[in-house]
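Go ahead and model the full structure; you've got the sequences and the hints to work with.
Residue numbers (UniProt numbering), protein chains in the order written: chain A, 1 to 472; chain B, 1 to 304.
One should not assume that every hint holds.
[To be verified] With beta-carbon atoms standing in for the labels, derived distance ranges: (1) B:D80 x A:P354: 31 to 39 Å; (2) B:L150 x A:L358: 26 to 34 Å; (3) B:D265 x A:N406: 38 to 46 Å.
[Stated by the list, open to error] List time: in silico BS3-like cross-link candidates among lysine-lysine, alpha-carbon distance up to 30 Å: (4) A:K321 x B:K253; (5) B:K38 x A:K307; (6) A:K321 x B:K66; (7) A:K321 x B:K289; (8) B:K38 x B:K253; (9) A:K321 x B:K98; (10) B:K291 x A:K321; (11) A:K307 x B:K253; (12) A:K307 x B:K42; (13) B:K162 x A:K321.
Since the hints were derived computationally from the structure, they do not count as laboratory data. Bear in mind the structure is a predicted one, so any value in this text is a computation, not a measurement. Idealized CB from N, CA, C, for every residue including glycine.
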Amino acid sequence: MFEYAPAPESVRPDIKEHYGLFIDGEFVDGQDVFKSVNPATEEVLFTVAEAGEADVARAVAAARRAQETVWGPMSGTERGKYLFRIARLLQERAREFAVAESLDNGKPIKETRDFDVPTAAQHFFYHAGWADKLSYAGLGADPKPLGVVGQVIPWNFPLLMLAWKIAPALACGNTVVLKPAETTPLTALMFAELCQEADLPAGVVNILPGAGAAGAAVVNSPVDKVAFTGSTAVGRAIAKAVAGSKKKVTLELGGKAANIVFDDAPIDQAVEGIVNGIFFNQGHVCCAGSRLLVQESVADDVLARLKERVSTLRVGDPLDKNTDIGAINSAEQLARITALTEAGRGEGADVWQPACDLPENGFWFRPTVFTGVQQSMRIAQEEIFGPVLSVLTFRTPDEAIAKANNTPYGLSAGVWTEKGSKILWAAERLRAGVVWANTFNQFDAASPFGGLKESGYGREGGRQGLEAYLDV
Amino acid sequence: MGSILSGAEAASLVRALPGVDAVGLEARAAGLSTRSVKTTSKAHAIDLAISMIDLTTLEGADTPGKVRSLAAKAMRPDGDAPATAAVCVYPSMVATAKEALQGSGVLVASVATGFPAGQVPLDVRLADTESAVRAGADEIDMVINRGAFLAGDLERVFHEIKAVKAASGDARLKVILETGELATYDAVRQASWLAMYAGADFIKTSTGKVGVNATLPVTLLMMQAVRDYRAATGIQVGVKPAGGIRNTKDAIKYLVTVNEVLGDDWLSNHWFRFGASSLLNDLLMQRQKLKTGHYSGPDYVTVD
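Here's what the structure looks like:
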């Protein structure tokens, strides 16, 4: 036997006992206080001020003043310098941010270290480069910022979603009021400290922790634009709330992506892609490949390999460097995953889970594969947002496309085949914002990301993503 | 183990294998490389790696003295460290190695078949093999006919491996694919299966004599091949990466890959080997570091 001894990450970030709201360059008290827990242990990590309507109003006023007097008039070159500085500071403190993100979110250190934090830094580097080149973005000769942007982000990639929102907004000359998710405010507050360290002018970035009410207050405040990533239900409420106003909106919402494996796929790599597609970040990924569509002729082989591979996944302590799957982010999310999994059993799908021990405390869910899933089942239609894969089969390429598109969502899709022409054929027909070929869950600051249908509208990243933060 | 397939059958099966996506394969290998192996598991891994080494010398300048020195090191590398699996030499050195290793349990492996290029007539390659076996080799490391493989003559490659297998008698046959010359992952997968269909007991990456030798992605791909071959036929085949594995860190990455792709069944020197020479001393230095808590240096392990 070759067992890996525990390999815990030894760095511990300096987490304060209490964090305030970050308004106008300073930490201040809010109307209330709430706790943030470590989902892997259920221990309280710190307390944090909760923003009320008055706090939001103050933050928006500070952002307005900063935008009109400092950040908006500043040359793109100077704005770029600040963004480069932020990017470099994120890199310098990468280890600290990675551990903090694992503690607050429950995701494995392997992912925060190798994906979340470096990709967040990359977003700042990328957009720092755009700050003085906006005239060349194909969006007009001298595109102007929108003004103050209200941003509400989810708990699945707390720091990365912050970077996706703040970096382009700032590069384009906007100022921001950002509400991190209720369960994962830590890295956003550490980012606020980092803004102080970078001498970012007061009011350019404001961070307001809180729950749904604080998010609604941001949306309803006199901002010029609302950017949201999260559930389709909340996205719909936001669209209603801003309807009839001059606020611009971009929404990045849910998904139920199909990962299509044709019989001529590179099978071993497809299995890796399936695993990465659904078990990356505990499946808390809006573009997760939560539906596997596999050609019937290779289904048995693919499933046998998939189960063997899933059996090697290591579930447990997020701070152990060898952990592949960490904790579910919250008790609420665990309850939702459990309920939908029960629905899958009830509707007659076959459930399979590897044998693995789960820690006693904290929120945990075994990687789960449902076979014998039919289109009509809830687990084939609803977003589970957890480590649960629904496997369906198809007979012909046309059937694969029809099943893949048969969902209210349209965020992402995967195509696995060694035949280049089939990739192009499928990509033309799939109604999804992102189509990955022979890979899955790949992200780059230079590549636009966003959805179709109920997965939202607007693009983030790349040249296309700038449009959401410019008056064009 | 003789093959029950004809050359034409084997060639057509091999040509129908699914493709390999290079980006995905390399990403998986890189992912396995991030495993953190510390303390007790590191100590276990180091001893396991030592026991899997085919301690190798394949130089024109090899002498009986050099081979005896290597044999002594293989039997007793350092203090209570385990012996290596085998000593790997040219056929002319087999008798010397056999005598030096007598009764130790350390095997004698001999390269053969016109190593490393294999560009000599088949009867010469077979004679080379037979002489190594006669001299007492426990294992034969043959090279495949890359020229024939790249020219598309898979049947010829198959028949040649079969013939060498027959000439090897009871010696276990390691088939060197020379993956650096096959160049593509698809070709490596095909060559792996062809060798196994022809009766290979081991598939081995490289001779160590060309520019690109063992890499983790190539070895991972060959591990997937032996895993799938056993699932299909019930026959277990070993894997030997060779050339370019010089330090403990790299060796542990290979062991992690064996562990997660093949599992316990392959985690012994009967089924997994490292073809290496300088690797052993690095493992021994790391071993001393774990025992004493401080690094020693190259003068605290022997030069052989």
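Tested hints:
1. B:D80 x A:P354: 31 to 39 Å: Given range 31 to 39 Å: holds, Cβ gap about 38 Å.
2. B:L150 x A:L358: 26 to 34 Å: violated, 51 Å
3. B:D265 x A:N406: 38 to 46 Å: holds, 43 Å
4. A:K321 x B:K253: holds, 15 Å
5. B:K38 x A:K307: holds, 28 Å
6. A:K321 x B:K66: With Cα atoms ~43 Å apart, A:K321 and B:K66 exceed 30 Å; violated.
7. A:K321 x B:K289: holds, 22 Å
8. B:K38 x B:K253: holds, 12 Å
9. A:K321 x B:K98: violated, 45 Å
10. B:K291 x A:K321: Measuring from Cα to Cα gives roughly 24 Å; hence the hint holds.
11. A:K307 x B:K253: Distance ~23 Å between A:K307 and B:K253 Cα, so the pair holds.
12. A:K307 x B:K42: holds, 28 Å
13. B:K162 x A:K321: violated, 45 Å
The structure shown violates the earlier hints numbered 2, 6, 9, 13.
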